[in-house]
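From first to last, the protein sequence lines stand for chains A and B.
Heads up: the first sequence at position 85 corresponds to 85 in the working numbering, and the numbers run straight through without jumps.
Heads up: the second sequence at position 99 corresponds to 99 in the working numbering, and the numbers run straight through without jumps.
Quick caveat, the hints were computed from the structure, so don't treat them as lab data.
Bear in mind the structure is a predicted one, so any value in this text is a computation, not a measurement.
A virtual CB, placed ideally from N, CA and C, is assigned to each residue, including glycine.
Check before you lean on any hint, since a few could be wrong.
In the DSBU-like style, the derived pairs of lysine-lysine whose C-alpha atoms are separated by at most 30 Å in a straight line are [stated by the list, open to error]:
no.: 1; chain 1: A; residue 1: LYS34; chain 2: B; residue 2: LYS89
no.: 2; chain 1: A; residue 1: LYS78; chain 2: A; residue 2: LYS34
no.: 3; chain 1: A; residue 1: LYS68; chain 2: B; residue 2: LYS89
no.: 4; chain 1: B; residue 1: LYS89; chain 2: A; residue 2: LYS2
If you anchor each label on the Cβ, the simulated ranges turn out as follows [as the list claims (entries may be wrong)]:
no.: 5; chain 1: A; residue 1: ALA29; chain 2: B; residue 2: TYR38; range: 43 to 51 Å
no.: 6; chain 1: A; residue 1: ASP30; chain 2: B; residue 2: VAL128; range: 38 to 46 Å
no.: 7; chain 1: B; residue 1: GLU53; chain 2: A; residue 2: GLU76; range: 31 to 39 Å
So, partial list: chain B residues that the calculated Cβ filter (under 8 Å) puts toward chain A [claimed, not checked]:
no.: 8; residue: LEU47
no.: 9; residue: TYR62
no.: 10; residue: THR71
no.: 11; residue: TYR74
no.: 12; residue: HIS84
no.: 13; residue: ILE88
no.: 14; residue: ASN96
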Amino acid sequence: MKKVLLFKSTSNSTVAFPADRFVGAFRNADEDIKFFFDDMQNTTAKAGMAHLQMPAGITDTELKDYMKALVAEINEGKSPTILIYDAANDTGFGDSGTSGHPIFSGFDALETHGA
Amino acid sequence: MGLLSSFLILLIMGVATRNSILKDSPKYLFFRETAAKYHCYPVNSLLGFSDDENTATGLILYFCPADDFSTGYYSYIELTVANHEDAIKDIMDQINFSKQTVITVADVVDSNFLSANISACVVPNGVVNGDQT
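With the sequences and hints as input, model every part of the structure.
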């Protein structure tokens, strides 16, 4: 199945990367994480990026469990469009629907290319 | 080389060829702005979606360029959409679940659109080199 990972930084700012162009993620600091993708505009700096903020207190174990669940969804989920995070509604994959997203709280950057 | 060895090599080559075919895109996305401006891209060439910063209703689809792979060059289509997220979901659903080999995403000439979320498209001439977002 062809899938995309969708990020929404505002109600009108949306970027979706194909899941097969996901090249890695790392915790940049205590309160932010970067998802990298192959870029969309074939630029010299060949990376797209979703730079997401996290609330204080997210442990490495919580983040690891989230990433394991996300990878499972990419590999086994039935939906072709996976909403990772919608900052306008504080929702996305992993959200139980009760009190906002448990891992993400906003965007530092959302770039299709040149990251 | 014995007959059995030759047979095994042919068998391996056959398997490799079949795998290669399976990896090829079985579907294509079709866009037509005017009678003379249209494009059909293999789904495997899709590089992603983004909103257009300059147009609230613009959704850009990026593709591998068909005829120029120089750094900075790419192809794109810009759709006019009512809601970015819903339009992306509609397109991805059709890519994965449609029985059509050629999926018409936007055909302005025939007023044929993949979903009610899509109402127009711009088909640039050739590849482009410049930031569209």
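Hints and how they fare:
1. For the hint pairing LYS34 (chain A) with LYS89 (chain B), the CA-to-CA distance comes to about 24 Å; that is within 30 Å, so the pair holds.
2. For the hint pairing LYS78 (chain A) with LYS34 (chain A), the CA-to-CA distance comes to about 25 Å; that is within 30 Å, so the pair holds.
3. A threshold of 30 Å between alpha carbons decides the hint, and for LYS68 (chain A) with LYS89 (chain B) the separation of about 24 Å falls inside it, so the pair holds.
4. A distance of roughly 12 Å separates the Cα atoms of LYS89 (chain B) and LYS2 (chain A); the hinted pair therefore holds under the 30 Å criterion.
5. Distance hint for ALA29 (chain A) and TYR38 (chain B): a CB-CB separation of about 47 Å, consistent with the stated range 43 to 51 Å.
6. Between ASP30 (chain A) and VAL128 (chain B), the C-beta spacing of about 40 Å keeps the proposed range 38 to 46 Å intact.
7. Checked against the hint of 31 to 39 Å, the C-beta distance between GLU53 (chain B) and GLU76 (chain A) comes to roughly 35 Å, which is consistent with it.
8. Checking LEU47 (chain B) against chain A: minimum C-beta separation of about 5 Å stays under 8 Å; hint holds.
9. Checking TYR62 (chain B) against chain A by beta carbon gives a least distance of about 4 Å; that is within 8 Å, so the hint holds.
10. The interface hint given for THR71 (chain B) holds, since its Cβ lies 6 Å from the closest Cβ of chain A, which is under the 8 Å cut-off.
11. For TYR74 (chain B), the shortest C-beta to C-beta distance to chain A is roughly 5 Å, which falls under 8 Å, so the interface hint holds.
12. The closest approach between the C-beta of HIS84 (chain B) and any C-beta of chain A is roughly 4 Å, which is under the 8 Å cut-off, so the hint is satisfied.
13. With its C-beta approaching chain A no nearer than about 5 Å, ILE88 (chain B) sits inside the 8 Å limit, and its interface hint holds.
14. Against a cut-off of 8 Å between C-beta atoms, the interface hint on ASN96 (chain B) holds, since the closest Cβ of chain A lies about 5 Å away.
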